[in-house]
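**Q** Listed here are the chains, written in short residue letters.
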Amino acid sequence: MFPANLQSNAQRERLIDRPLWLGVLGLMGVGAAFIFSATGANESARNAAWYDYTAVRQSIAYALGLFLVGCACLIDYARLARWALLAYWFSIVLLVAVYVVGVERLGAKRWIDLGPIQFQPSEFAKLAFLFAVANFLSRPVGELSSPALFVKALGMALLPFALVVKQPDLGSALVFLPTGIVMMLVAGVPRRFLIRFFAGAACLVSLVLVDVLFAPANWRFIQLEEYQKHRLLVYFNLDFAPRNATESQRLTARAEKEKKSYNVKQALISVGSGGTWGKGWRQGTQGALGYLPRAVAHNDFIFSVIAEETGFAGSLLVLGLYSVVLFSGVKIAGQARDRLGRILAAGVVALLFTHIFVNIGMNIALMPVTGIPLPLLSAGGTSVICSLLAIGILQNIHQNRRHY
Amino acid sequence: MLVFDQLNKGESALRILAWGVVAGLGILLAGLWRVQVLSGDEYRRRQETQSYRSVRVPAMRGRIVDRNGLAFAENQPRFRLDIYLDELLPQFAKMDGQLRKELLASRGATNAPDPGLLDRFLAKFSKAPKRVLITPNEREWLRRQARFAVVSNIIQLINQRLGTQIVKTEADLYKHWQQQRALPFPVINKLTPAQVAILTEQGWSFPGVELELVPVRSYPNGQLAAHIIGAVRTYDSASEEDEAFDYRLRDYRGLIGLESAFDRQLRGRPGAKSILINSSGYRHRQGEIMLAEPSIGDTLVTTLDLGLQKAVEKSLAQVNGDERGAAVVVDTRNGDILACASAPSFDPNAWIDGISHAENTRLLDPKMKYLFNRATYGSYNPGSTFKIVTALACFEHGILTTENAHDRMRTLGYYRIGRNHKIDDTAPAGEYDFNRAFVKSSNSYFIEHGLHLGINNLLEYARRFHLGEKPGLRLNEEAAGIIPAIEDVPAGGIPGKTANLSIGQELTVTPVQLAMVIAAVANGGTVYWPRLIDRFEPGDTLSDDPVERVRPGQVRTRLSIRPEHLAIVHAAMRDDVALDEGTGKNARVKDFAVCGKTGTAEVKAGNRLLDRITWFASFAPFESPRYAVIVMVESGGSGGGTCAPVAKRIYEYLRDRERGTIAFGQN
Numbered sequence: 001m002f003p004a005n006l007q008s009n010a011q012r013e014r015l016i017d018r019p020l021w022l023g024v025l026g027l028m029g030v031g032a033a034f035i036f037s038a039t040g041a042n043e044s045a046r047n048a049a050w051y052d053y054t055a056v057r058q059s060i061a062y063a064l065g066l067f068l069v070g071c072a073c074l075i076d077y078a079r080l081a082r083w084a085l086l087a088y089w090f091s092i093v094l095l096v097a098v099y100v101v102g103v104e105r106l107g108a109k110r111w112i113d114l115g116p117i118q119f120q121p122s123e124f125a126k127l128a129f130l131f132a133v134a135n136f137l138s139r140p141v142g143e144l145s146s147p148a149l150f151v152k153a154l155g156m157a158l159l160p161f162a163l164v165v166k167q168p169d170l171g172s173a174l175v176f177l178p179t180g181i182v183m184m185l186v187a188g189v190p191r192r193f194l195i196r197f198f199a200g201a202a203c204l205v206s207l208v209l210v211d212v213l214f215a216p217a218n219w220r221f222i223q224l225e226e227y228q229k230h231r232l233l234v235y236f237n238l239d240f241a242p243r244n245a246t247e248s249q250r251l252t253a254r255a256e257k258e259k260k261s262y263n264v265k266q267a268l269i270s271v272g273s274g275g276t277w278g279k280g281w282r283q284g285t286q287g288a289l290g291y292l293p294r295a296v297a298h299n300d301f302i303f304s305v306i307a308e309e310t311g312f313a314g315s316l317l318v319l320g321l322y323s324v325v326l327f328s329g330v331k332i333a334g335q336a337r338d339r340l341g342r343i344l345a346a347g348v349v350a351l352l353f354t355h356i357f358v359n360i361g362m363n364i365a366l367m368p369v370t371g372i373p374l375p376l377l378s379a380g381g382t383s384v385i386c387s388l389l390a391i392g393i394l395q396n397i398h399q400n401r402r403h404y
Numbered sequence: 001m002l003v004f005d006q007l008n009k010g011e012s013a014l015r016i017l018a019w020g021v022v023a024g025l026g027i028l029l030a031g032l033w034r035v036q037v038l039s040g041d042e043y044r045r046r047q048e049t050q051s052y053r054s055v056r057v058p059a060m061r062g063r064i065v066d067r068n069g070l071a072f073a074e075n076q077p078r079f080r081l082d083i084y085l086d087e088l089l090p091q092f093a094k095m096d097g098q099l100r101k102e103l104l105a106s107r108g109a110t111n112a113p114d115p116g117l118l119d120r121f122l123a124k125f126s127k128a129p130k131r132v133l134i135t136p137n138e139r140e141w142l143r144r145q146a147r148f149a150v151v152s153n154i155i156q157l158i159n160q161r162l163g164t165q166i167v168k169t170e171a172d173l174y175k176h177w178q179q180q181r182a183l184p185f186p187v188i189n190k191l192t193p194a195q196v197a198i199l200t201e202q203g204w205s206f207p208g209v210e211l212e213l214v215p216v217r218s219y220p221n222g223q224l225a226a227h228i229i230g231a232v233r234t235y236d237s238a239s240e241e242d243e244a245f246d247y248r249l250r251d252y253r254g255l256i257g258l259e260s261a262f263d264r265q266l267r268g269r270p271g272a273k274s275i276l277i278n279s280s281g282y283r284h285r286q287g288e289i290m291l292a293e294p295s296i297g298d299t300l301v302t303t304l305d306l307g308l309q310k311a312v313e314k315s316l317a318q319v320n321g322d323e324r325g326a327a328v329v330v331d332t333r334n335g336d337i338l339a340c341a342s343a344p345s346f347d348p349n350a351w352i353d354g355i356s357h358a359e360n361t362r363l364l365d366p367k368m369k370y371l372f373n374r375a376t377y378g379s380y381n382p383g384s385t386f387k388i389v390t391a392l393a394c395f396e397h398g399i400l401t402t403e404n405a406h407d408r409m410r411t412l413g414y415y416r417i418g419r420n421h422k423i424d425d426t427a428p429a430g431e432y433d434f435n436r437a438f439v440k441s442s443n444s445y446f447i448e449h450g451l452h453l454g455i456n457n458l459l460e461y462a463r464r465f466h467l468g469e470k471p472g473l474r475l476n477e478e479a480a481g482i483i484p485a486i487e488d489v490p491a492g493g494i495p496g497k498t499a500n501l502s503i504g505q506e507l508t509v510t511p512v513q514l515a516m517v518i519a520a521v522a523n524g525g526t527v528y529w530p531r532l533i534d535r536f537e538p539g540d541t542l543s544d545d546p547v548e549r550v551r552p553g554q555v556r557t558r559l560s561i562r563p564e565h566l567a568i569v570h571a572a573m574r575d576d577v578a579l580d581e582g583t584g585k586n587a588r589v590k591d592f593a594v595c596g597k598t599g600t601a602e603v604k605a606g607n608r609l610l611d612r613i614t615w616f617a618s619f620a621p622f623e624s625p626r627y628a629v630i631v632m633v634e635s636g637g638s639g640g641g642t643c644a645p646v647a648k649r650i651y652e653y654l655r656d657r658e659r660g661t662i663a664f665g666q667n
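Sequence order for the protein chains is D and U.
Residue 101 in our numbering is what sits at position 101 of the first sequence, and the numbering runs on without skipping anything.
Residue 187 in our numbering is what sits at position 187 of the second sequence, and the numbering runs on without skipping anything.
Take every hint as true, because none was put in to throw you off.
These stretches of chain D come out as covered by chain U in the derived footprint (C-beta under 8 Å, 3 or more residues):
| hint | region |
| --- | --- |
| 1 | 179-190 |
| 2 | 269-283 |
| 3 | 303-316 |
| 4 | 325-337 |
| 5 | 353-361 |
Computed from the model, here is a short list of chain D residues facing chain U with C-beta under 8 Å:
| hint | residue |
| --- | --- |
| 6 | PRO19 |
| 7 | GLN286 |
| 8 | LEU289 |
| 9 | TYR291 |
| 10 | LEU319 |
| 11 | ALA346 |
Simulated from the structure, these hints should not be mistaken for lab results.
Virtual Cβ for every residue (Gly too), placed ideally from N, Cα, C.
Pulled out of the complex, with its shape left as it was, chain U reads as follows (with noise of 0.2 Å):
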């Protein structure tokens, strides 16, 4: 064979000639050999390292819906116009080399092409130092302002065709272009129809510039049930979770409400794609790999009625539009939250395209607090509402029994305990029975039981309803509430404070307890979990994914109330509405009868007067109770005068809602 012939014979020195060839090739060999076979998964790895950047593709929030599918959140596609920087690259280069006449111009130079055979002989023999005429810093700048120029003589272009007068400084670009330069520099977040028509229709040709279609959070109904419902804001910094990303697309995260609460199972899976980029880092032509669609998050379904929410938050807003409060309406039979509104209110749409500072500052307010959500969050004096509780803790250690509670007391119009301790009444003096006692709201008559009772009985009581515990809604705005410790309470007592408590002042409790509490004396005694959330459903409808129910009803605990004692308070609250002397007859709905108690807490500091919380909490129908409700306004007049009202207007709706005369999702 060829080679082995010149390897064996002939002269000595071909023989060596032949060898050292062969030596050589096989040095090579070894050589290519290490670097292709060897280590060829290693050089892969850099090669891929250094030409692709992986971009993390958020993917589509789950929608929030009402218990019919109406939806309080949602996306919504909108026109984005966004351009493309790889595609001006001839542009940029155009404008530099003109740029670059000018500047050498301005120094008197040119960069005509090289002297003839002759100059570059004689320029051989001259002296004259060789004049550096740009330096690499100013080629460099250079390049930027070339850069610059073109994209802004095409937004100029865009603004033309708009009228819009969109601005990007030079600041803006560099910096896109130093950290996201394989990605597509947005000019215009959101483009009208109309500039989306003008911009599709006369035959667009901007090189570079393209129109992409995005989807944005929308909340349709804007204020309703905000407080629930949350609110997201555009979110560009990277988490851990994406650390391995080399960019990540805006997306969103929840800033309060169900949006924060559940916003890894709204948010749903990111996808990746990948860009192949050049060697200066600009995307390569057709270089986007998808690696992993995104998959949309799940679509949240409330146990919330929509129609009745909106009824909830239109009667709250009849207390004088500028109220600060909140309204509960629990569907008694199983703890579901059927409307939960909170006043002031906001619109979450607010924070979409990012918010004013003055906006901001407004929503902060402390007095109106706007993101305040009062239903879960905010924890109030009960008042007199609290004197339910008071008694079917009496009932219950036999205090109070079906045939005492006929007996009559007589009151002062005052309690006075030891010497200098005196409690006002609100019920004029004069003979009462429990239920008289209960419809007029005498504090006399339930400070005498209360005292009878004794603090650790009625404490002991109060816990069985779970207050000063988290009612559990699984929201992160959730209040437990303030209920003294029975520990903390020295034997035998404190008269003045045990006097306090059965009317339902040394504790505090939120609207949504509250509304627990009456869910469970309207349904004979059984406290339930109130239930927000009724199922999390795949965003995707094609999917087989489960559907992650929250079962209903579920029971926390069972009271064990003897019927006849809670007749005897059922009487009473029905009562308190029907009859003409009771706190809560503006709650008086036709064909609908309303149980309720009133509650004006007083908020103190030493004698001063500094608020009045007010209360109507109630339920409705007497025969056969379906729905708790529970008002509750800040600085109200009294809690039949401002909070009734607002608990009839509810009751209205939803008494023509069960007779079919408005449909879902009106009022």
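Just chain D, with the same shape it has in the complex (with noise of 0.2 Å):
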């Protein structure tokens, strides 16, 4: 699993990073056991062979993430970066083959399909574009200062984010932008580029949610997807019928708005019912009851079915685990030995972050709901693959961070 070069119990020791492995060990262990409390109970009820159930599929697909893990260790990641412009372009082409051949789900396509396993070119994605701008960004400081590379590094974010707007998956695409600007920063992009950056996209985020929420049909300019819009109106609390609507347009608008936030309600009260300490693992009711939608309790909503049955005291130690493995990330970019190794460490650190900022925020209503997976803890084996690789670049950085 480790390079060749290992000289002395000494330098062993500090090959692996504990904290890392221990913190994402946890996660795996707490992820394994809350996809079981959510889906185990009907799968035991259909008779579903043991394999077929989500947690034991779950744990195949760690172990498998930690085998890839352990492989993509093997090779130096500065060699790694040097396909990164080759899987890069691989993935758009996927990106672009989803559009095509895709396997539509709930309205979007997202998954493609090879016979027995089904991936979602997106994850893929966004561990090519890491790699792609970290080696894109790691170029002498001085370089960086040219508007022209600012821009270039910038369209190399921004045309995964499109592919992926258009599956559509807004959510999976907004997670491009700040993982960029992250790398940019770290790279030493200049501030002012970033600053201007930041207030255009904010300017422009809010003229788009503007025009989503209140402009009149006819002078929308962005056609946002019905789903999406909903999603936006529920998040502000915002009316569905247009400010003329009659009275019975309204009441259906609200009838349907009731429908569309039911997801949103019933995860907060899934995560408040659990209290402080929790209702007792496989004790929660949401999920087993229905409210908290089956389709989605064990993926979207994982971190409802763990808040609820652990209470706040669960809660807390999932974002405990999280910060552990957010802050060795960090602590790796700061020992990392070259550029590179830093630009792609601190990138690696903001997907995830984002990931789990997103997720959780959606379950507690801070954030819009978006199709972003909890990484490690929603099933998915995409997902969890993808999440390992990356927390496997951090551990290629960390044993490699004293190769001059």
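Can you join these two chains into the complex? Each is in its own frame, and there are hints to help.
**A** So, in structure tokens, the structure goes:
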């Protein structure tokens, strides 16, 4: 699992970043246990074969992910980065392919069907994007003050962003932006570029929101999917009906809103009813009784299940485990032997953190509902393997920190 | 430490990143604190509200028994057949899939799995619009049909097995599904023992079908004392006290009689259970929690005697089989109602499984008035039986004395008041002293003395028997009777009115009221409150709750009748039965000295005779009075001819009971 150039026990000890991996193992334990809690009862009622249990599949994904991490750590990240551009364009091709031959689930095309397994190219794209941008930005700092380069780097982020938005998967798409910006920040792109970009983006986003939420239909120049618009309306707690709607339209709109805000409401009830200490493992009722819809309880809303059953104490534990992983990442970034390593590690931290923040935020109605998984906890093979690979990058940077 | 190290040292960009992460995690933590700790209780309440349904569980209704504990109203176990919809969910889904496939096939499409990769690729470029095969409304309709198909298949199988013809419509099921989804769907309300045997012996294995044992109100003696005991009907709608419940299981409400008057005590305290329901509103497996056990209603012990009641009703029924009347037996020593019958009667069991429209119409027949309690609710002119009161009032005021009671008065066979008011007398013209006038029921004699007495004195005396007031049985069906108000009478009175009142025509009484009058006369002048309820016992025999007793022999008024006057009246009443010329001779019983007075009140409109109310008011035995018996028959021939024989049969029963030749509860 580790490079052959181990020389002494002392060095080996420093090879593996222990807190990082303890945090990861803890999260994997929590993930398997609560995916079983969310799906086990239903699956045993269905007499599913043991290997069809979601929790078992998740564990297999964990194992496979760890194996892939081991393989990836055999090669120095700098050598891996040479393939970054290729991987990047390959992932772009996959994203286009999704658009053409993807499988549709719940109204969005996010998956490619490869017979026994289906995978989500957008997850792979995130990794490829990390490498490509880090590689691109790891040039001498002096060159980074050129605006053209900044625009180019931005372009690298916007291309997959646009393709993923098209799926449509606005949530996953939005992950690319903060990740890209953090990498630019760490790489040393002049702050004024970033501040300008940030201000511009903020203006643009507010314009888009105002347009989507308040403009009359024929003034709308940005066409969001209907469900995306509804999610935003739910998030901002606005009426679905246009201002000049009749009373009956208003009523239908209210019913519609009630329906659309169902998941958010139920997630809040799940998290809140857990109280301080929770109801106990497998004692939560929200998932078992189907209030938290079965289709999302074990993936996008797994945090609701954990929070209901373990309460605030459990939420604290999960956040604690994540902060161990994230701060290990920041530490690894600080100790990296070169700028590529530092940018890459910072990118991984930003990527993971964006996922965590958006997903948990959505479970407590701080964020609008998006399809962003919770790294390592949400059920889903692609997401698990890509999260592990991202953490594997940290390990790779860590173990190669002294190779000058 | 790992976190603080990253915040304070290292490169500024990484410090910004670290602070950003800390800030983000801090926001999440604050959010979680707010949701889980600060609003935790609120969300737990919301969670409970949406996932629990409370059900009101009715208590078993208290029994109504006679003074010896024999049951008038009780509860019988009965088997019911229910279908638990939640256990059929897999079948619903399967049937739904099948129906959907059929519908799609009929529209030339399949719900086959997704087309292959190539097809999907080609479909990208095809211009054909995507067809919507099934609209959401149709989906909903299909699910409805699927549920109905599964349930009606099961009902079909039950019908085959039991040979029954149960039909449940789609509308029945849908209504239940909409309103009471978490409760089982009732299929058969009443299973015969044979059906239960079939279902349990042959290894019953239909999913969702269950036998349920429920208590059902039952009146083992059918029509016996039905007017007093009353009836119940099943009751579905919620009252204010159970608005807090989401569902209420059926229970009973009293309709008439004691069942209605003491509904609250009999109903007991309902329990509550809560059902865990899933997001589609179905009951969740093992999700029932009993929050409070129901506690059975009180047992109402009446003062009635079941055997005597049977005898009384049988005696009354021997008038002509189609009689309308009433009979009341009161213990003269304390005012206990021992029997209280009204004819014609009805079977209170008729309401238990829902009464038919035809039966309901029959019971409300304006002439027979089956539900009408003639004994307590019917007011009638007492006729000549009122002469007892007139006589006592005359003695009280010195109009009659022990001496002048033997004076003879000549009568003409009618009594003329003023120029053109003539009152007929059923007793022939002749010479009458008090005893003969009473025994022959001479109107002239009593009118003469009544006029001397004056209407105010007579009314005042009648009021001391509490005529014109409700007797206080605590039934809802209780009339006060009508007695003219003293203020309504002009000074000096109207002679015609006074004359009519003296012979019991200007006022009305109920049979129970008259029974209380006779009881007071019999016991020497104590007017008791009638007592129909002896006590309320806790329905649960193991309970420590106290027994609520109604004190026997509560005195309402003590009349101070001089013993010598009482003796004269008692003797006259004895002679009315004992002498062959007495009007009440048909009531004579061997070895049991019955004292009585007959009465025949004419109901007239102008001069046209509409109806006759015949009476026999009596007590016995003469030596030491214990029982007062009142018999009243509408449209009878005469008091002596129609009612006295009824009383005779009642007294015979009482005599035999006292001798011990009849056991309790028999006749």
